[in-house]
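*Asks:* Residues per chain, in single letters:
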Amino acid sequence: VTTLVCQTLVTELSQEIVYSLSERVHVGAFLPYLYMHGAPVADFTFSLTGPNGLVFSKTFTCAEIKTALGTTDNYAHVFYPIVPANPVQIESGTYTATLTAPQDGTYTVNDTNFLAWIQQHEDLQASLDYETTSDEENPFTIRFKSYKEGVL
Amino acid sequence: MTRVVTFTDGFTSGSAPSLTGGEVNLHTLSNNTADTSLGTFVTETEYTTVFIEYEIQRSVTGTLYRQAGTMIARFDGTTYSLTAGNYVGDDMLITSGAPTGNQVELYLAESGTSGIWLLFYSTGDLAGTSHACTVKLSTTKIRAS
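Sequences listed follow chains A and B, in order. The first sequence begins at 44 in the numbering used here and counts up by one. The second sequence begins at 337 in the numbering used here and counts up by one.
What the hints contain is simulated information worked out from the structure, not anything from laboratory work. Positions of the beta carbon are idealized from the N, C-alpha and C atoms, including for glycine. Misleading hints may appear alongside valid ones.
[Claimed, not checked] So the derived list for chain B, only partly shown, Cβ under 8 Å to chain A, looks like this:
1) Met337
2) Arg339
3) Thr342
4) Thr344
5) Thr348
6) Ala352
7) His363
8) Thr379
9) Gly398
[As the list claims (entries may be wrong)] Pairwise CB distance ranges (calculated):
10) B:Thr436 <-> A:Thr102: 47 to 57 Å
11) B:Glu446 <-> A:Glu107: 31 to 41 Å
12) A:Asp178 <-> B:Asp427: 35 to 45 Å
13) B:Ser351 <-> A:Ala111: 36 to 46 Å
14) A:Glu107 <-> B:Gly421: 23 to 33 Å
15) A:Thr110 <-> B:Ser450: 30 to 40 Å
16) B:Thr381 <-> A:Pro127: 34 to 44 Å
17) B:Ala434 <-> A:Leu167: 30 to 40 Å
18) A:Val53 <-> B:Ser450: 35 to 45 Å
19) B:Arg402 <-> A:His69: 30 to 40 Å
20) A:His164 <-> B:Gly448: 36 to 46 Å
The shape of chain B in the complex, shown without the other chains (with noise of 0.2 Å):
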């Protein structure tokens, strides 16, 4: 991930200096059959909001479902909320709360560390071969101001 950092003189700190932008993230997971990390860590005091876009397809007993669309993950001091955005192709693949049918879904779980927030997929109730999905993901993360 990019990160652009200003130092303001000298070539050591001893505070952390100024990390601005924000951060793209890029995932692929292909025929993925199991919950998995996607490994964006999110820190909730410098990142109130995440923006996702996503590619998923998705085989269903044969059949192959294919949608793109957007979510938002947006931090509300307690928790992360994630909000379904636009989206094309198939209905119903990707949610963003507790996936039904043929759905998989995105959720963000703290990580071990207090604060800091790890974004996960679930393959849902259709965990196995016979539903592998091919999800690629684009995460941006906005700096807080």
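Next comes chain A alone, as it looks inside the complex (with noise of 0.2 Å):
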């Protein structure tokens, strides 16, 4: 049994990320941990935002989510790649990585049809800078993949 907490996107859900590296990293995927609940039918924006402005956009759909899966199931948790067709440049700073819902009328959302963005304390890549009293303080989660130097 698997319990997640999560946020239900209805218009934007933001996370501010602090790379803090001296080192510029090169980013082939960003994999926010997603909860898909009934495949609604909208085009999202995964959008990711730096010191100087937007870095990086691209839409994504819950078809994609499920070809992804390989799956036909309509329910899902996954840490979805939303893959850049060209590596993203990350250098020391602050960042913002923002899901939005279309608001042309596409996505409504109900307790049948949403998606969320999953909360989680412990995460692989990430430390919290802050003290969480609750499950819902907890930061939305997200990995970034990066090209390193010298590895094939």
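Each of the two chains sits in its own frame; use the hints to bring them together as a complex.
*Replies:* Here it is as structure tokens:
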């Protein structure tokens, strides 16, 4: 049994991320930890903004999540890889990862159809710079996959 | 809004996993002058009760009124009925029935999809900038057992 605490994407959800290493990294994929309930039909957007504005943005659908998982099931929790056409360069600074729902009427949140972003306290890549007092205060979970020089 | 999802196994499921816990939604309408949807969807088969806590501030021809209180929406098998609870502050600012005088109204209306209801806020008879309202609402939906 897996228990997930998540926030429903209604209009927008965002998570601030501080990248503190001095070396620049090339990110090959962003993987927000998503919960899909009912596979709503809509174009969602993942975007990353940095100290100088928008760094990367890409739309995705629940149909694409299902294809990536190789399933016809409409309910899933997944680190869904959002892959840039070219690696995104990240340097030291504060970034904001944002999930945005379309506001054109294609996405209606209800108890049978929604997309959510899962919150976790423990994460392989990130540490918190604040104390949480409840699960709801945990950050939205996201992982970056980066290219390393010399690694094939 | 927060959801707590329980998966029985694996990463995918062909049927809806369990959703548990109450759901809390916060809304703030600033200087609202028109009837407005508050965006809280309530599915009648899943939520029989919604607790509403509010704080309202209303300017009526230059005089400022404030009230804070509670309401409860309860599904009786056919429709949701709102019942006003306790309040503090100025009298008669918000109602669960037809508004009169300075009142504004809260009500639930079917969203267009059968069985799914949407919480609305109505400015009553006093719409317009001279009667602008600022309303803060917290709704807690309790999942039916």
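*Asks:* It remains to establish, for every hint, whether it holds in the given structure.
*Replies:* The hints, checked one at a time:
no.: 1; hint: Met337; verdict: holds, 5 Å
no.: 2; hint: Arg339; verdict: holds, 5 Å
no.: 3; hint: Thr342; verdict: holds, 5 Å
no.: 4; hint: Thr344; verdict: holds, 6 Å
no.: 5; hint: Thr348; verdict: holds, 4 Å
no.: 6; hint: Ala352; verdict: holds, 6 Å
no.: 7; hint: His363; verdict: violated, 11 Å
no.: 8; hint: Thr379; verdict: holds, 4 Å
no.: 9; hint: Gly398; verdict: violated, 35 Å
no.: 10; hint: B:Thr436 <-> A:Thr102: 47 to 57 Å; verdict: holds, 48 Å
no.: 11; hint: B:Glu446 <-> A:Glu107: 31 to 41 Å; verdict: holds, 32 Å
no.: 12; hint: A:Asp178 <-> B:Asp427: 35 to 45 Å; verdict: holds, 40 Å
no.: 13; hint: B:Ser351 <-> A:Ala111: 36 to 46 Å; verdict: violated, 21 Å
no.: 14; hint: A:Glu107 <-> B:Gly421: 23 to 33 Å; verdict: violated, 46 Å
no.: 15; hint: A:Thr110 <-> B:Ser450: 30 to 40 Å; verdict: holds, 31 Å
no.: 16; hint: B:Thr381 <-> A:Pro127: 34 to 44 Å; verdict: holds, 42 Å
no.: 17; hint: B:Ala434 <-> A:Leu167: 30 to 40 Å; verdict: violated, 57 Å
no.: 18; hint: A:Val53 <-> B:Ser450: 35 to 45 Å; verdict: violated, 22 Å
no.: 19; hint: B:Arg402 <-> A:His69: 30 to 40 Å; verdict: violated, 55 Å
no.: 20; hint: A:His164 <-> B:Gly448: 36 to 46 Å; verdict: holds, 39 Å
In this structure, the hints that do not hold are numbers 7, 9, 13, 14, 17, 18, 19, in rising order.
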